[in-house]
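Please model the complete structure; the sequences and the hints are all you need to start from.
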Amino acid sequence: MASCSMLTLLLLGSPVGSAPMASPIEDPQWKLAVEGFTTSDVMPNSDDSGPDQAAFTRFEISSAARIASQLKLSFGLNTSLSRYQRVGIAGFEEYGGVLAVRRGSSQLVWEAGWTPARIKFQDDAGRAEFRRIESTVGLRQALPSGIRARAQWTYRRDDYVNVFNIRDASGPSWSARLDWRPQPIVTLRAELGGGSTTGRTARYSQDERWVSGGITVARGRWKLEPWLVSGTQRYPEAEATDSNFRRRDQWIETGIRAAVTVHPQLTLLIAGTLLDQTSSRHDRTYDVRSVRFGFEWFSPEN
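All the letters of the sequence shown, read from the start, carry residue numbers -19 to -1, 1 to 283 under mature numbering (1 follows the signal peptide of the UniProt record, and there is no 0).
Hints listed in this document are in silico derivations from the structure and should not be mistaken for laboratory results.
Keep in mind that this is a model prediction, so the values were computed, not measured.
Just so it is clear, CB atoms sit at the ideal spot from N, CA and C, and this is done for glycine as well.
Misleading hints may appear alongside valid ones.
[As the list claims (entries may be wrong)] Restraint ranges, calculated between C-beta atoms of paired labels, are given here: (1) Arg202 with Ile233: 29 to 39 Å; (2) Ser86 with Ser224: 43 to 53 Å; (3) Asp105 with Asp268: 22 to 32 Å; (4) Arg202 with Arg227: 48 to 58 Å.
[Stated by the list, open to error] Derived BS3-like pairs: lysine-lysine, alpha-carbon spacing no greater than 30 Å straight-line: (5) Lys12 with Lys101; (6) Lys204 with Lys12; (7) Lys12 with Lys53.
Printed below as a string of structure tokens:
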């Protein structure tokens, strides 16, 4: 009789009422973003530039697993696509992945990205097409009093093709950011960063510094985010015979983004930006006005 009871348990599984084992990996979560885009100058300084309209899509999928009582591992993939109506060469695709480990209020993040082909500009010599790879390591930390801090380091490499391979360049960049939430509906943000790029030829080596600030006001279903970014770019290694000799670019971008949640899985958004660049090279001075509008569609919450 005992052997029959044991056989019955093996065939039918756990006794009625026992709790099922939890899955070690969480159900995947995804997000789809679709945007329309209009700009006054799609590729500044390009012979084929000017006003244009575009469509952008981005898809992200991620999951997570608890690998120890104090450690949680997150991982995901993403891809984005852009297509322009008039200047078709401005379109490009990007692919990336992210891996993060969280312990308590600390998180270590690694991100990788690949752009198989993108065109920076077009002139009489042809199209300046390049491919890009980049890798980022970052640390995020939640602090008392509603403060969150993050710092990250990125390495990027651009490889050009054809006659433009003299523009090949690579180098690191960094950024540090603080978010402070003094009130439940208000978050203040400050960020600064910089980087240096070493070019195959000295005239394309450059240094960059920038600083930004913004505020997020979220109330009910609405969210409003104005921001300001300002930076400078120099070419310290350019020789006296180079067009970039003593060149200094200074740019400032202002923008505002509004979003409304119309459904737990759907957010509508619109954003406008104004970018103004002045340069010691007069042919590198320009301003660009852009507007984005679209939606973000999320997977159901677990």
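Taken at face value, is the distance from the CA of Lys12 to the CA of Lys204 at most 30 Å?
holds (18 Å)
Please check whether Asp105 and Asp268 have a Cβ separation lying inside 22 to 32 Å.
Between Asp105 and Asp268, where Cβ atoms are some 25 Å apart, the hint holds.
Between Arg202 and Ile233, does the C-beta distance stay in 29 to 39 Å?
Holds - the Cβ-Cβ distance for Arg202 and Ile233, about 32 Å, lies within 29 to 39 Å.
Consistency of beta-carbon spacing, Arg227 to Arg202, with hint 48 to 58 Å:
With Cβ atoms ~51 Å apart, the hint holds.
Would you say the C-beta atoms of Ser86 and Ser224 sit inside 43 to 53 Å of each other?
With Cβ atoms ~49 Å apart, the hint holds.
What's the verdict on Lys12 and Lys53, does the C-alpha distance respect the 30 Å limit or exceed it?
holds (21 Å)
Decide if the proposed pair is consistent with the structure: Lys12 and Lys101, CA atoms, cutoff 30 Å inclusive.
Answer holds: Lys12 to Lys101 is near 29 Å, not above 30 Å.
No hint from the list above goes unmet by this structure.
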